[in-house]
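Chemist: Residue numbers (numbering that gives the first Met the number 0), protein chains in the order written: chain L, 0 to 280; chain G, 0 to 292; chain C, 0 to 357.
Because the hints were derived from the structure by calculation, they are not lab data.
In this text the structure is predicted, and so the values were computed from the model without any measurement.
Ideal placement from N, C-alpha and C gives every residue a C-beta, glycine not left out.
Any given hint could be a false lead.
Every beta carbon over 10 Å from chain L, so not counted as near; a handful from chain C, in silico [said to hold, decoys possible]:
(1) L86
(2) I110
(3) R146
(4) R223
(5) P243
(6) R356
(7) V357
Mimicking DSBU-like on lysine-lysine, the simulated pairs with C-alpha atoms at most 35 Å apart in a straight line are [said to hold, decoys possible]:
(8) L:K110 - G:K2
(9) C:K151 - C:K203
(10) C:K61 - L:K105
(11) L:K188 - C:K203
One letter stands for each residue in the lines below.
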Amino acid sequence: MVENRPFAQFMAYLTLALGVVIVAFPVYLAVMASTFDTATIINGNMPLVPGDQAAENYNRTLLYGGMHARQPVGGMMFNSMIMALGIAIGKILISILSAFAVVYFKFPFRKTAFWIIFITLMLPVEVRIYPTYKIVADLGLLDTYTGLVMPLIASATGTLLFRQFFMTIPDELLEASKIDGAGAFRFFKDTLLPLSMTTIAALFVIQFIYGWNQYLWPLLITTKSSMQTIVIGIKMMITTTDALTEWNVAMTTAVLAMLPPVLVVIFMQRLFVKGLVETEK
Amino acid sequence: MEKRAHISGWTLPLLLILPQMAITVIFFYWPASQAIWQSFLREDAFGLASEFVGFENYVSLFEQPEYYRAMVTTAIFSSLVAFFSLACALLLATQADKNIRGGQAFKTFLIWPYAVAPAIAGVLWLFMFHPTLGTLSKPIKAIGIDWNPMLNANHAMTLLVLSATWKQISYNFLFFLAGLQAIPKSVIEAAAIDGAGPLRRFWTVIFPLLSPTTFFLLVVNIVYVFFDTFGIIDAVTGGGPAGQTTTLVYKVYADGRLGGDLGGSAAQSVILMIIVIALTAIQFRYVERKVQY
Amino acid sequence: MAGVTLDTVRKIYAGNVEAVKGVSLGIEDGSFCVLVGPSGCGKSTLLRMIAGLETISGGEVKIGDRVVNQVEPADRDIAMVFQNYALYPHMSVYDNMAYGLRNRGTPKDEIDKRVKEAARILAIESFLARKPRQLSGGQRQRVAMGRAIVRKPQVFLFDEPLSNLDAKLRVQMRVEIKRLQRALGVTSIYVTHDQVEAMTLSDKLVVMSGGQIEQVGTPSEVYRRPETRFVATFIGSPPMNILPGTVEGPGRVSVGGQSIAVTDMRDGLTPGSAIEVGLRPEDVQAGGTGASSLSMDVDFVEELGATQLFHGKVAGAEFIVQASTGQLPADTRQLTLAVDPGNVHLFDPQTTKRLGRV
Numbered sequence: 000m001v002e003n004r005p006f007a008q009f010m011a012y013l014t015l016a017l018g019v020v021i022v023a024f025p026v027y028l029a030v031m032a033s034t035f036d037t038a039t040i041i042n043g044n045m046p047l048v049p050g051d052q053a054a055e056n057y058n059r060t061l062l063y064g065g066m067h068a069r070q071p072v073g074g075m076m077f078n079s080m081i082m083a084l085g086i087a088i089g090k091i092l093i094s095i096l097s098a099f100a101v102v103y104f105k106f107p108f109r110k111t112a113f114w115i116i117f118i119t120l121m122l123p124v125e126v127r128i129y130p131t132y133k134i135v136a137d138l139g140l141l142d143t144y145t146g147l148v149m150p151l152i153a154s155a156t157g158t159l160l161f162r163q164f165f166m167t168i169p170d171e172l173l174e175a176s177k178i179d180g181a182g183a184f185r186f187f188k189d190t191l192l193p194l195s196m197t198t199i200a201a202l203f204v205i206q207f208i209y210g211w212n213q214y215l216w217p218l219l220i221t222t223k224s225s226m227q228t229i230v231i232g233i234k235m236m237i238t239t240t241d242a243l244t245e246w247n248v249a250m251t252t253a254v255l256a257m258l259p260p261v262l263v264v265i266f267m268q269r270l271f272v273k274g275l276v277e278t279e280k
Numbered sequence: 000m001e002k003r004a005h006i007s008g009w010t011l012p013l014l015l016i017l018p019q020m021a022i023t024v025i026f027f028y029w030p031a032s033q034a035i036w037q038s039f040l041r042e043d044a045f046g047l048a049s050e051f052v053g054f055e056n057y058v059s060l061f062e063q064p065e066y067y068r069a070m071v072t073t074a075i076f077s078s079l080v081a082f083f084s085l086a087c088a089l090l091l092a093t094q095a096d097k098n099i100r101g102g103q104a105f106k107t108f109l110i111w112p113y114a115v116a117p118a119i120a121g122v123l124w125l126f127m128f129h130p131t132l133g134t135l136s137k138p139i140k141a142i143g144i145d146w147n148p149m150l151n152a153n154h155a156m157t158l159l160v161l162s163a164t165w166k167q168i169s170y171n172f173l174f175f176l177a178g179l180q181a182i183p184k185s186v187i188e189a190a191a192i193d194g195a196g197p198l199r200r201f202w203t204v205i206f207p208l209l210s211p212t213t214f215f216l217l218v219v220n221i222v223y224v225f226f227d228t229f230g231i232i233d234a235v236t237g238g239g240p241a242g243q244t245t246t247l248v249y250k251v252y253a254d255g256r257l258g259g260d261l262g263g264s265a266a267q268s269v270i271l272m273i274i275v276i277a278l279t280a281i282q283f284r285y286v287e288r289k290v291q292y
Numbered sequence: 000m001a002g003v004t005l006d007t008v009r010k011i012y013a014g015n016v017e018a019v020k021g022v023s024l025g026i027e028d029g030s031f032c033v034l035v036g037p038s039g040c041g042k043s044t045l046l047r048m049i050a051g052l053e054t055i056s057g058g059e060v061k062i063g064d065r066v067v068n069q070v071e072p073a074d075r076d077i078a079m080v081f082q083n084y085a086l087y088p089h090m091s092v093y094d095n096m097a098y099g100l101r102n103r104g105t106p107k108d109e110i111d112k113r114v115k116e117a118a119r120i121l122a123i124e125s126f127l128a129r130k131p132r133q134l135s136g137g138q139r140q141r142v143a144m145g146r147a148i149v150r151k152p153q154v155f156l157f158d159e160p161l162s163n164l165d166a167k168l169r170v171q172m173r174v175e176i177k178r179l180q181r182a183l184g185v186t187s188i189y190v191t192h193d194q195v196e197a198m199t200l201s202d203k204l205v206v207m208s209g210g211q212i213e214q215v216g217t218p219s220e221v222y223r224r225p226e227t228r229f230v231a232t233f234i235g236s237p238p239m240n241i242l243p244g245t246v247e248g249p250g251r252v253s254v255g256g257q258s259i260a261v262t263d264m265r266d267g268l269t270p271g272s273a274i275e276v277g278l279r280p281e282d283v284q285a286g287g288t289g290a291s292s293l294s295m296d297v298d299f300v301e302e303l304g305a306t307q308l309f310h311g312k313v314a315g316a317e318f319i320v321q322a323s324t325g326q327l328p329a330d331t332r333q334l335t336l337a338v339d340p341g342n343v344h345l346f347d348p349q350t351t352k353r354l355g356r357v
């Protein structure tokens, strides 16, 4: 800014601080709720300072689950982790290979192939949910990790991101590699892959969050409680009659469900921002 | 854009592209075409036989008052969330763009809600505004409002808008901040020399220069409300009370799951696809051309 | 070592754009050949065809006695220095130089020996562990050269290697490249658009325009006796002045009514026919008197330090004269130019070819 007025500075601090408080308050409440027993919460007078039930709540939730989710939340987190990692790694793998093919080779129907992939960018899984469900069911993939992961890998985001990055690599690098006697495989392994590391990491961060937070798809294709993900699990805990909802368990689960992706964002902020901004260009 | 240098050979690239092609065809094109095909079919009561009925599924869809209500709900929900989340994010981004100490820390504290799953966000806000035990319900009731999002549709929609906005602010904030930082400082300094005060500068120089970002975010936000808020709605209201917060996407899910009307559900899917493609096309056209300086 | 022979080499791009129109050229073993011309003249395409980075649409490229049209770049036994250096950004200087040798299965100690030796020659020994981004432009340039040297190739190819450097460094690296090439004795083909680089580096200078060779010769041949008007104005700075004239008779032309004697003039030109008269700014004597002279109206003077450039008009055409500083007062408005008959170049206005003795 051009001026450096103290008042403007003060307003900036005030606005930002207010923003942070509003953004953080719901989460703060959840963390507090995870430190009380059900009765304290139900009576509607939950204090805004931590209680003494934290150890009990987290222990019970992780290892046994609540009354309504017949499944320890630890197991749900494991499922979520498999799904998130599967989606992130799967997407990176297939999209870096296809981007390599589209950018660095000339082959018949190359443009067609690119457009076939590109169109998938526009339509999220939600609009074709039941036919997809039917196909996964026909393939016998209900209640499997493969069924959870595969349909969500089919998207163009990764391919476009890698393609965009590859286009910024000077042509001369491939030419120098050719003169240096490196074939397609060596060029990929020795030059392209090492240069793509940041892009890979950024895509990983974004796709991990995307995968961890999936809701509708796992809701449909998991019927066994042992295959439930944590985001689905929490929904199960609060849909029953209010009086029976174990809010302490539900909120403990909510905190546990937020923890991995939020930690990823905070500790890999630079990669996260890069991934987010660049996948949307 | 094309590379000048290429690697020769046909088989290798076809092998490289095969996994993505296979997954895309099996899990994208096949179901999408199934949806289109099914939207022209009607199954009998037992799901054993189906006949081609042309546009009948579409016609009966547009005869349902519930479908129009879902459209209106989606429109209201989208515009409110888009407006509030863009406005809040722009306000925060302009403040964070000022050269203040601790700016990076503020940024970190503002972006993490992006990582919270929509369904979890819904649960957090439901807990906070729960009619009997919500921490913030009491002050609302204290001023004489009979707050109950479980029974009152307006209250339910308010709660949905709040949670969806809360979750989307971080995304918009990041893009606005990037947009602001991309504006050359010299332009703002020139405006200051031309005698424009901070507020005037914002509306006459900064805001117009941000218009591509704003437009881009507008479309992204609308698409976000269409699809990603499914988890919020399912967790907070389940489409209720009495179907009053059922959006188009939620209706596809609910009709297909409960009613088993595959033809009708497929017709809804196809209409959604058309809407999204139209939105994306508009975005490409405008971002390329009109909204530029 | 090997020479390079091009026989009616053509490059036709998609859409029938002919970038190189049948170039034939012999480059002797161990010589330094520079391809010079304005951008888009096909010089880089020609170099890239020799390297194997572009397919050859027609004709034949030979390295030594071997036709290499269908040979992969890696198997042509060439090394190339790129304009942007094309160093692998994620590899150390050492690995950048060793990469090509490793891919060929050269033994480890041999690689080490060659890399160290190249690093010593180029004075980059202390940077071997660094990444390219930690180096200055000049240092990167040296690494790119090192990568070429370690391979001990038959031919060095340079694609405008100095154009990313600042003016001072460019002069310094130019000298180093020349010295290195002399010491190693490897056939070198060098592409540039800078005519000073072209003049100073080459044993054999090839001037190209529009996908064709305009003239081949030693730098002094090309400078002294340009074969076309294009070469005459492209080589030399400031460029040669071209004046409209008419043929008076054998050994005489007239420019704006002023008669000039010419030594190198074709026999049998029809008196009265139009002709173009070329005079280099440094070849006319300002204020001098001689057998032939021209009068010039001066518009302004550029001071270059050691010399001055007088800009003005002779017979209605733009004209530049170079003179030593102090020779003439800077406010001179009228000049008489003495012209040595040996320094007059004549060109056909239609074909733009030189009209010298056959």
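Chemist: Hint numbers the structure violates, sorted upward?
Modeler: Per hint list: 1, 3, 11 violated.
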